[in-house]
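Protein chains in written order, with the working numbering: chain A, 1 to 301; chain B, 302 to 561; chain C, 562 to 808.
You may find that some hints are simply not true.
In the EDC-like style, the derived pairs of lysine to aspartate or glutamate whose C-alpha atoms are separated by at most 20 Å in a straight line are [stated by the list, open to error]:
hint : chain 1 : residue 1 : chain 2 : residue 2
1    : A       : Lys165    : B       : Asp408
2    : A       : Lys199    : A       : Glu247
3    : B       : Lys492    : C       : Asp687
4    : A       : Lys165    : B       : Glu433
5    : A       : Lys165    : A       : Asp238
6    : A       : Lys165    : B       : Glu424
7    : A       : Lys230    : A       : Asp169
8    : A       : Lys199    : A       : Asp238
9    : A       : Lys165    : B       : Glu535
To be clear, the hints were calculated from the coordinates, so they are not data collected in a lab.
Only a predicted model underlies this, so the values are computations on that prediction, with no experimental measurement involved.
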Amino acid sequence: MNADVSRAPDSSDSGYNFAYLDERTKRMIRRAILKAVAIPGYQVPFGSREMPLPYGWGTGGIQVTASIIGRDDVLKVIDQGADDTVNAVNIRRFFTRTTGIATTERTVEATVIQTRHRIPETPLQDHQIIVYQVPIPEPLAKLEPREAETKMMHGLAEYGLMHVKLYEDIARYGHISTTYDYPVMVDGRYLMAPSPIPKFDNPKMHMNPALQLFGAGREKRIYAVPPYTKVESLAFDDHPFEVQRWEQHCALCGAKDSFLDEVITDNDGGRMFICSDTDYCGQRRENLAAVPANVAEAKSA
Amino acid sequence: MSEQDQPILRVEALSKRYGDRLAVDQVSFDLWPGEVLAVVGESGSGKTTLLNCASARLLPDSGRVDFLTRHEGVVDVYRLSEAARRLLARTDWGYVHQNPADGLRMDVSAGANVGERLMALGERHYGRIRQEATQWLSRVEMQEDRIDESPATFSGGMRQRLQIARNLVTRPRLVFMDEPTSGLDVSVQAKLLDLLRTLTHQLHLASVIVTHDLAVARLLAHRMMVMKDGRVVEQGLTDQVLDDPQHPYTQLLVSSVLQP
Amino acid sequence: MSSTLSGTMGGAMSVTAAVQVRDLGKTFTLHNQGGAELAVLHGVSLEVRRGECVALDGPSGAGKSTLLKCIYGNYRTTQGSLIVGEGENAIDLATASARQQMAMRRTTVGYVSQFLRAIPRVSALDIVAEPLMEDANGDPDKLVAARRAAETLLLRLRIPVRLWSVPPATFSGGEQQRINIARGLIRPRPVLLLDEPTASLDADNRITVTAMINEAREQGAAIIGIFHDQRVRDSVATRVVNMADFK
Chain A
1 MNADVSRAPD SSDSGYNFAY LDERTKRMIR RAILKAVAIP GYQVPFGSRE
51 MPLPYGWGTG GIQVTASIIG RDDVLKVIDQ GADDTVNAVN IRRFFTRTTG
101 IATTERTVEA TVIQTRHRIP ETPLQDHQII VYQVPIPEPL AKLEPREAET
151 KMMHGLAEYG LMHVKLYEDI ARYGHISTTY DYPVMVDGRY LMAPSPIPKF
201 DNPKMHMNPA LQLFGAGREK RIYAVPPYTK VESLAFDDHP FEVQRWEQHC
251 ALCGAKDSFL DEVITDNDGG RMFICSDTDY CGQRRENLAA VPANVAEAKS
301 A
Chain B
302 MSEQDQPILR VEALSKRYGD RLAVDQVSFD LWPGEVLAVV GESGSGKTTL
352 LNCASARLLP DSGRVDFLTR HEGVVDVYRL SEAARRLLAR TDWGYVHQNP
402 ADGLRMDVSA GANVGERLMA LGERHYGRIR QEATQWLSRV EMQEDRIDES
452 PATFSGGMRQ RLQIARNLVT RPRLVFMDEP TSGLDVSVQA KLLDLLRTLT
502 HQLHLASVIV THDLAVARLL AHRMMVMKDG RVVEQGLTDQ VLDDPQHPYT
552 QLLVSSVLQP
Chain C
562 MSSTLSGTMG GAMSVTAAVQ VRDLGKTFTL HNQGGAELAV LHGVSLEVRR
612 GECVALDGPS GAGKSTLLKC IYGNYRTTQG SLIVGEGENA IDLATASARQ
662 QMAMRRTTVG YVSQFLRAIP RVSALDIVAE PLMEDANGDP DKLVAARRAA
712 ETLLLRLRIP VRLWSVPPAT FSGGEQQRIN IARGLIRPRP VLLLDEPTAS
762 LDADNRITVT AMINEAREQG AAIIGIFHDQ RVRDSVATRV VNMADFK
C-alpha cells in the first residue's frame with residue numbers, strides 16, 4: 001500500500017503483475033474499499049475476479065489484500081488462529097510468489113494480516129490492517145432470501161428480523177446459541193456479519209485502532225470497519241451479549257484469557273485445550289521463559 | 302374533526318393496468334374506523350389487485366390512497382417515503398394473505414412470528430416479547446404451549462390464526478385480508494370466521510376483505526362492493542346487496558349460491 | 562308533501578312523524594330471467610308517529626314484508642321517498658349513504674324478522690346483548706350492564722337459563738323467535754319493525770311479547786308490524802293499514 005509496485009521483485013514468479021491482480025482491477029477494488037471505509041458496515045459490490053483458488057478458500061480476502069499490499073508490507077496469514085494450516089500456508093505462499101514481500105507469523109510485526117475465522121489475541125495497532133475472508137457477507141441472508149428485500153432493510157435500517165434469529169436461539173436453547181458470525185451493528189447504523197469469527201472476538205472489533213476490511217469473493221462484496229469505530233453485538237436487555245469462557249487454561253502456555261481449541265491427542269479420548277492463536281501462545285511461552293506446561297497437569301486442572 | 306367523522310382509508314380513482322388489460326379501473330371507496338368492507342367478485346375481477354394497490358403493496362398507475370394516521374392526521378400513502386410507508390404497514394396496518402405461508406416465516410417458531418413486529422419496532426426485552434406473543438396466541442385460540450413450534454408443523458387453520466396474531470400484535474387499526482378463509486376445511490373456516498368477526502369487533506378494526514365467498518361477506522362485512530372486470534358494479538350494505546341485488550352480475554352471483 | 566321535505570338529500574331535516582313513506586314504489590328487475598319486472602309496491606304513502614302501532618294488513622304477496630324491508634333499508638326503493646327518524650336524525654333512505662343507513666339501524670330502527678340469523682358459536686345471551694354491547698365501546702361496566710339487560714329479557718321470555726350460553730342455531734322455532742325479539746327490543750329505538758313476531762309462540766309467550774310491544778309503544782316507539790294473529794293485532798295495533806288500499 002505504501003511502495004512502488006510497478007514491477008515484480010526478483011524473488012517472485014515472473015510473468016505476473018505485482019500481487020497477481022492487474023493494476024486496473026486493483027484500482028477498482030481500492031475504490032470499493034474507499035467507499036466501504038466511508039460507509040462503515042455497508043456492503044459495497046465489486047467486480048470480483050477469478051482467482052487461482054476455489055471460492056471458499058478466501059478469494060475475497062486475497063483480492064482485498066492484493067489491492068492494498070505494497071512492497072514494504074509485512075504479511076501475516078492465519079486460518080483459525082494458526083499460521084501453519086493449509087489455507088494459511090497456501091495464501092502466504094501465493095503472496096510470496098506474486099510479490100516477494102516479507103511475511104511473518106508474529107502479529108506485532110505484520111502490517112497486513114489476512115484472517116479466516118479469528119482476530120489475533122495480541123491487540124492490533126493503528127498502523128495495521130486486518131483483512132477478513134467472508135463467505136456470506138449478508139447477515140440477513142438466512143432469514144430473508146430475497147436480496148432486494150435485504151437491501152431495502154439495510155437502506156431503511158429495518159433490523160428487527162435479526163433479533164428474530166436471536167429470539168429463536170433463546171426460545172430453543174435458553175440462551176443465544178449463535179457462537180460465530182455473531183451479528184453486530186457498526187457505528188449504530190449498519191447491521192454487519194463479522195465473518196465466521198467466534199463471538200469471543202466480537203469485542204475486539206469495537207474501537208479497534210486497526211483498519212478492518214472484509215472481502216467476499218463469491219458474493220462480490222467488500223465492507224469495512226474504520227479504525228476506532230463502534231461495533232456493538234446485538235442482544236436482548238434480559239439476555240445480554242456474552243463471550244465464550246472456558247474452565248480450562250491453555251495446556252501449552254497457561255493463558256486464561258484466550259480462545260481455546262479442543263485438540264484430540266490420542267485414540268483413547270485424550271484431549272487438551274490449547275490457544276487457537278498460535279503466535280500468541282508461542283510468544284507467551286517464550287516470554288514466560290518457562291518449559292511447556294505439563295499436559296497431564298493442565299488436563300486435571 | 303374527531304376520528305369518527307373521517308374515513309380511516311380513502312381510495313380515490315385507483316387504476317392499475319397489466320399490459321393492455323385494465324385490472325382495476327377508477328375504483329374509489331371510503332372506509333370508516335371499525336368498518337368491515339367486503340370486496341367480492343370472481344377470479345380476475347380485479348379485487349386482489351385493488352387490495353394490493355390500496356394497501357401499498359402494488360403501485361397503481363393512477364389514483365390516490367389517503368390514510369388517517371393515529372397522530373399525524375391524513376397522509377397520502379403514495380407520497381410518504383418508503384420508510385414511512387413500510388413503518389405504517391407493520392404498525393397501524395395488517396395484511397392477511399390467503400396462503401398463510403406467504404405471510405409467515407415458516408422457518409422460525411410461532412412465538413418469533415408473532416414477536417417480529419415488536420422487535421422491528423425496537424422491543425429488546427425477550428421476556429416481554431414472549432409474554433405478548435403468548436397472549437396473542439391465546440387470543441387467536443391457539444394453545445400457548447405451541448409457542449416454540451414451527452408453523453410448518455401446524456394445520457392450515459392454525460397457520461391462519463398465527464398469521465392473524467402476527468398482524469394484530471401491534472394493534473393495527475386497519476387490516477387488509479385476501480381470501481382469509483378459502484383453502485380451509487369448512488368446519489375450520491367457520492371457526493376462523495367467528496374469530497375474525499370477534500376480533501374485528503373487539504379491536505374496532507377497519508378491514509377490507511377480498512373474498513369470492515358471499516357467506517364470508519354476510520358474516521363479517523358491514524358493507525360490500527361487487528367487482529367485475531376491474532370496476533365496481535354495485536355496492537351497499539351487505540344485506541342490501543345480498544338480499545336485493547340490482548346489477549345483473551350481482552344477481553347472477555347471488556343466485557348461484559345455495560344460501561348466501 | 563310537507564314543505565320541509567322537498568329536495569332533501571338524506572341530510573338533517575325537521576320531521577314530525579318517525580316514519581314518512583311517500584309514494585313509495587318497489588319493483589324487482591330479474592335480469593337473469595329476461596329482465597322480468599315484479600312491481601311489488603306502488604304508490605305507498607304512510608306516516609307513523611311515535612306512540613303509534615300500525616298493523617299492516619293484506620293477503621300474502623301484497624308487499625307487507627317488502628315494505629318493512631324497505632323501511633329497514635334491507636331492500637332499496639325504486640321510487641318515492643322514505644324518511645325515517647326525527648329531527649336531525651331523519652334520513653331519506655332513497656338517497657342516504659350506506660354510513661347513514663348503518664347509523665340509522667344502530668340508533669333509530671329496530672327490526673325483528675321472522676327468522677333468526679344465528680351466528681356460529683355466539684351464545685344466545687351475547688346475540689341478545691349485542692346491540693347494547695356495540696354501544697359500550699369496550700367499557701367493562703357497560704358490557705356487564707348489557708349482559709344483565711339481556712338476562713332480564715331472556716328470563717321474561719322464559720328461555721331456560723341452561724340455554725343462555727348455547728348458540729341458538731339448534732333451538733326450536735319458538736325459542737329462536739324469542740331470542741330474535743329480545744335482540745330487537747333490548748335497545749329502545751324510536752322505530753320498531755316487527756314481522757310476525759309471535760308466529761311460532763305458545764299462548765304464554767304470546768301474551769308476554771304482546772305486553773312487551775305495548776310497553777315499547779308506550780315508551781314512545783313508532784311501531785309498524787305484521788301480525789297475522791288477530792288477538793295479537795287487536796291488542797297491540799292502534800291503527801290497521803291495508804296494503805290493498807295502495808294499489
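Hint-by-hint comparison with the structure:
{"no.": "1", "hint": "A:Lys165 with B:Asp408", "result": "holds, 10 Å"}
{"no.": "2", "hint": "A:Lys199 with A:Glu247", "result": "holds, 17 Å"}
{"no.": "3", "hint": "B:Lys492 with C:Asp687", "result": "holds, 17 Å"}
{"no.": "4", "hint": "A:Lys165 with B:Glu433", "result": "holds, 18 Å"}
{"no.": "5", "hint": "A:Lys165 with A:Asp238", "result": "holds, 16 Å"}
{"no.": "6", "hint": "A:Lys165 with B:Glu424", "result": "holds, 14 Å"}
{"no.": "7", "hint": "A:Lys230 with A:Asp169", "result": "violated, 25 Å"}
{"no.": "8", "hint": "A:Lys199 with A:Asp238", "result": "holds, 18 Å"}
{"no.": "9", "hint": "A:Lys165 with B:Glu535", "result": "violated, 47 Å"}
Checked against the numbered hints given earlier, this structure breaks hints 7 and 9; the rest are met.
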